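A.B. asks: Residue strings, one per chain:
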Amino acid sequence: MKQKVINILQEIRPEFDFTQEVNFIDQGMLDSFDVVSLVSALDETFDISIDGMDILPENFATIDSIVLLLIKNGVQS
Amino acid sequence: MRIIVEQIPNRPIDSNSFVIYEQGKNSCIVIDPGTEDCAELIEFFEKRSITPAYILLTHEHFDHIWGVNKLKEKFDCKLICSSVCSERIVARKKNMSVFYDQVGFETAPADIVTEDIQNQLEWNEHKIIFIPAKGHTKSSICILIDKNLFTGDTIIRNTKTVIKLPGGSKSELLESLSALRLRFYNKHVMIQPGHGESFLFDEIKDQEFV
Chain Y
1 MKQKVINILQ EIRPEFDFTQ EVNFIDQGML DSFDVVSLVS ALDETFDISI DGMDILPENF
61 ATIDSIVLLL IKNGVQS
Chain A
78 MRIIVEQIPN RPIDSNSFVI YEQGKNSCIV IDPGTEDCAE LIEFFEKRSI TPAYILLTHE
138 HFDHIWGVNK LKEKFDCKLI CSSVCSERIV ARKKNMSVFY DQVGFETAPA DIVTEDIQNQ
198 LEWNEHKIIF IPAKGHTKSS ICILIDKNLF TGDTIIRNTK TVIKLPGGSK SELLESLSAL
258 RLRFYNKHVM IQPGHGESFL FDEIKDQEFV
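Going down the list, the sequences are from chains Y and A.
Under my numbering, think of the first position of the first sequence as 1, with each following residue one higher.
Under my numbering, think of the first position of the second sequence as 78, with each following residue one higher.
Please note: incorrect hints may appear among the correct ones.
Pairs of lysine-lysine residues, derived as DSBU-like cross-links and limited to a Cα-Cα distance of at most 35 Å, are as follows [to be verified]:
#1 Y:Lys4 x A:Lys215
#2 Y:Lys72 x A:Lys241
#3 A:Lys170 x A:Lys149
#4 A:Lys170 x A:Lys102
The hints are simulated quantities; they were obtained by calculation from the structure and are not laboratory data.
No experiment lies behind these values; they were computed from the predicted model shown.
Turn these sequences into a full structure, and let the hints steer you where they fit.
C.D. replies: This is the structure:
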């Protein structure tokens with residue numbers, strides 16, 4: 001699951017290395033437009049529907065936070 | 078008869094809605110009503126004794142469609158947009174509203190999709206032409222009424238067109254801009270954009286937007 005998430009992120013912003021342990025939002029690696037693309041890609045890839053109330057920057061700030069969100073949506077790790 | 082184009086800003090996002098009407102006639106057209114309660118639009122209609130016959134959408138994003146439900150509830154008017162737009166306004170993620178306030182909204186699909194009417198509509202003896210203009214989104218169209226080209230978010234003065242959102246494409250945008258230039262350059266057409274002030278088509282350069 002982690003690798004799939006990294007692949008999605010790198011497709012959205014190929015110029016950044018998403019294997020780094022940094023806050024993607026604070027570092028400017030993902031902006032609000034990217035979060036829109038990311039949510040759409042996660043929904044489609046994992047066949048889920050991320051709830052609007054979970055669309056918060058902190059849920060997309062690191063690989064771990066994204067993975068936690070996926071697990072919350074029933075994706076098996 | 079000459080049409081009157083009134084630009085009315087949407088709130089809270091500063092996109093533009095437009096009312097197109099003629100002196101002495103009741104029927105009007107609304108383009109991109111993006112304010113939820115449409116209060117300013119409705120007041121405008123009442124002051125001029127006009128009623129919307131059609132709501133036209135340039136694309137599916139929430140700041141251009143938020144008032145559709147209110148207008149449909151209050152007036153007997155038909156919603157017209159491209160088929161892709163019609164598929165996307167019905168879903169809060171696809172119309173992007175959920176990304177704005179985490180709740181979002183949905184609308185009913187269009188009553189008429191532009192492809193089914195061969196991209197043309199007769200209104201008050203005027204011909205309205207819908208021009209596919211992919212690039213900002215797959216659903217994007219420009220709407221030509223007399224010498225006014227309503228461009229939505231495809232062309233906004235001094236602003237690069239957003240192509241990062243789902244359905245955006247640089248190559249499709251370049252193709253659309255090139256086709257628009259071929260069709261409208263030197264024709265004294267006024268651009269009525271989705272954000273900001275109106276300006277003459279001949280003032281633009283494609284590279285400003287890409």
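A.B. asks: Each hint should be assessed against the structure and marked as holding or not.
C.D. replies: Status of each hint after checking the structure:
no.: 1; hint: Y:Lys4 x A:Lys215; verdict: holds (26 Å)
no.: 2; hint: Y:Lys72 x A:Lys241; verdict: holds (27 Å)
no.: 3; hint: A:Lys170 x A:Lys149; verdict: holds (21 Å)
no.: 4; hint: A:Lys170 x A:Lys102; verdict: violated (38 Å)
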